[in-house]
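**Student:** Which chain is which? The protein sequence lines are B and L, in order. Under this note's numbering, think of the first position of the first sequence as 1, with each following residue one higher. Under this note's numbering, think of the first position of the second sequence as 1, with each following residue one higher.
Note that these hints are calculated values from the structure, not bench results. Just so it is clear, CB atoms sit at the ideal spot from N, CA and C, and this is done for glycine as well. Take the hints with a grain of salt, since some may be wrong.
Said to hold, decoys possible - 30 Å max Cα-Cα, derived DSSO-like pairs, lysine-lysine: (1) L:K142 with B:K21; (2) L:K10 with B:K21; (3) L:K131 with L:K121; (4) L:K233 with B:K2; (5) L:K187 with B:K79.
Said to hold, decoys possible - One side of the interface only, derived from the structure: several residues of chain L facing chain B at Cβ under 7 Å: (6) N91; (7) Y93; (8) S97; (9) P256; (10) F260; (11) V312.
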Amino acid sequence: MKHWIAFWNILTKDFRTYYLKPPNISWGLIFPLAWTGMFFIRSGRGMESISSILPGVTALSILFGTTSLLAVTVTFEKKNRSFERLLLAPIPLELLMLAKTSGAILFGVVNAFVPVLMAAFLVDLGHVNWLVFIPAVVLISVASTFLGLFIAVAVSEVFEAQTFSNFFRFPMIFLCGLFFPISALPVFLKPLAYALPLTYGADMLHGAIHGGNIMSVPLNLAILAAFCAGLFMVSLRNIRRRWIA
Amino acid sequence: MKTENDIAIKVQGLAKRFGDVQAVTAVDFEVNTGELFGFLGPNGAGKTTTINMLTGLARPDAGTIHIGGIDCTRRPRAAQHLIGVVPDESNLYPELSGFDNLGFCAALYGMGKAERQARAKELLEAFDLTKAAGRRFGGYSKGMKRRLTIAAGIIHRPRILFLDEPTTGIDVASARQLRQLIGDLHKNGTTIFLTTHYIEEAERLCDRIAFIMSGRIVRIDTVANLVQPIREKHVMQITFANGVNDLSDRLAEEFPGLNFTSPEPGLIQVEADAPIRVGPLVRFLEDRGAEVAEARRIRPSLEDVFVRITGVGADVMRKEKEKSGGNQ
Chain B
1 MKHWIAFWNI
11 LTKDFRTYYL
21 KPPNISWGLI
31 FPLAWTGMFF
41 IRSGRGMESI
51 SSILPGVTAL
61 SILFGTTSLL
71 AVTVTFEKKN
81 RSFERLLLAP
91 IPLELLMLAK
101 TSGAILFGVV
111 NAFVPVLMAA
121 FLVDLGHVNW
131 LVFIPAVVLI
141 SVASTFLGLF
151 IAVAVSEVFE
161 AQTFSNFFRF
171 PMIFLCGLFF
181 PISALPVFLK
191 PLAYALPLTY
201 GADMLHGAIH
211 GGNIMSVPLN
221 LAILAAFCAG
231 LFMVSLRNIR
241 RRWIA
Chain L
1 MKTENDIAIK
11 VQGLAKRFGD
21 VQAVTAVDFE
31 VNTGELFGFL
41 GPNGAGKTTT
51 INMLTGLARP
61 DAGTIHIGGI
71 DCTRRPRAAQ
81 HLIGVVPDES
91 NLYPELSGFD
101 NLGFCAALYG
111 MGKAERQARA
121 KELLEAFDLT
131 KAAGRRFGGY
141 SKGMKRRLTI
151 AAGIIHRPRI
161 LFLDEPTTGI
171 DVASARQLRQ
181 LIGDLHKNGT
191 TIFLTTHYIE
201 EAERLCDRIA
211 FIMSGRIVRI
221 DTVANLVQPI
231 REKHVMQITF
241 ANGVNDLSDR
251 LAEEFPGLNF
261 TSPEPGLIQV
271 EADAPIRVGP
281 LVRFLEDRGA
291 EVAEARRIRP
301 SLEDVFVRIT
311 GVGADVMRKE
321 KEKSGGNQ
């Protein structure tokens, strides 16, 4: 019970101090809006293009929202040493880091539904398989957040967090099959595409919105969950090695 | 014979290396329950590295740490509920109010809402911060920040409190108030591990003191035992009103039972095992053109002991204080 009091308070404190701040709310709204607008204009096909660009915009909203915020907030707290206060608390490191990342995960999920809500006003989303879409959104959010954690542990300055995030994010956007099918990628890039967590999330989103996923939903879920667990474990190991060294 | 309950902290063979630098080497000490233990040394001596290892923020390369009887080498986070830590820099959340900061810190220790609100109010009152409770921590003065940081460190009523440079960089009045608070905590039975490079502060507050130098403990004893041998010495300082050449050598020839040093220009320090007769000394100096402005007996302090043991001059310590924003 005592651990959960700590967990809940870390989560609510992060929401108050970071995620519910006007700049971050506007980032969560404007960023997906800008992506949607950009791809909508680029497609030139009118309203019918909305559902085809929805998986990409949803995934990007999650990816950018979670990695940016988590990497920056954790690096900021590490820099001003308030993170030490958390490390001194009598709670297991695993629970502490889950508390720190839960806010970003929720922020990612909320971000994902911004383009979905916008699309719902413009086109009929009755054909979307929500039982696949929602788990995909949650797992992409978890994987992206843990990627942000991995980045935060690897850097020491806030600006480094942003630069290092882009090192992962941009290749992932173009290789994960959101905008170009993986089958259309050069042969030497295909293995790389399958080494990215977003590939499996994107496949699930494509499948949920307009069918035609490459891999089965359980396989995608399993691989994405394995990525989440792997990134979290590696981040915890790095925290122990770098921050409690 | 001490029992496990009598010892709050037990450290044996502690060592830590950062790259090529051996920060801490073979450190051994015990802190008794309820004791105010001072850990003194110049900057870079290994004070913060040691405190980080004791509090679980760093892993020792070698050695063992027992806190409240718990083996923290094997279970590094198992004693966290017993300890409170006040770091050398305030590390609370600048965007939260004083009250919310304390409430958040209390929640980290699993305290329920009603309990943490009551405790936060109690500490804000005790630390004279009630009026500032609703203000953002980022807007507090340095002294207020230090007070709230100490309040956050004791929010869960820890049995052992680690205070790292508590009065560094704050004004004289706030430092005095903080020393009073530390003294009160000690009286209430809290074991306190205090690191500082304000030697006079340690002398005033601590029961026992360890001197650390280049990562090694060079001496541990009670303040009384540390100062005792040097207090048996008779020390006098003679200040000159005019510029004179260094007369130490000629004085040593004339007064073989006395030991003369010149810590700074225009000043001679005389040490002896017996009372020093001022008259012959002053006459000797004035016959050689020196204008004696003042001759006064000095009561040796812990700072003199520190200088003797570590070889670090008082001026070095003073510069460190100034560099770190000390204002005492």
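**Student:** Determine for every hint whether it applies to the structure shown.
**Tutor:** Outcome of the hint check:
1. L:K142 with B:K21: Holds, at roughly 27 Å.
2. L:K10 with B:K21: The hint is violated at about 46 Å.
3. L:K131 with L:K121: 11 Å, holds
4. L:K233 with B:K2: Violated, at roughly 57 Å.
5. L:K187 with B:K79: 35 Å, violated
6. N91: 4 Å, holds
7. Y93: The hint holds - Y93 (chain L) has a Cβ within 7 Å of chain B, the shortest such distance being about 6 Å.
8. S97: Hint violated; S97 (chain L) Cβ to chain B Cβ min 11 Å, cut 7 Å.
9. P256: With Cβ-Cβ at 57 Å, over 7 Å, it is violated.
10. F260: 48 Å, violated
11. V312: 27 Å, violated
In the structure shown, a violation is registered for the earlier hints numbered 2, 4, 5, 8, 9, 10 and 11, in ascending order.
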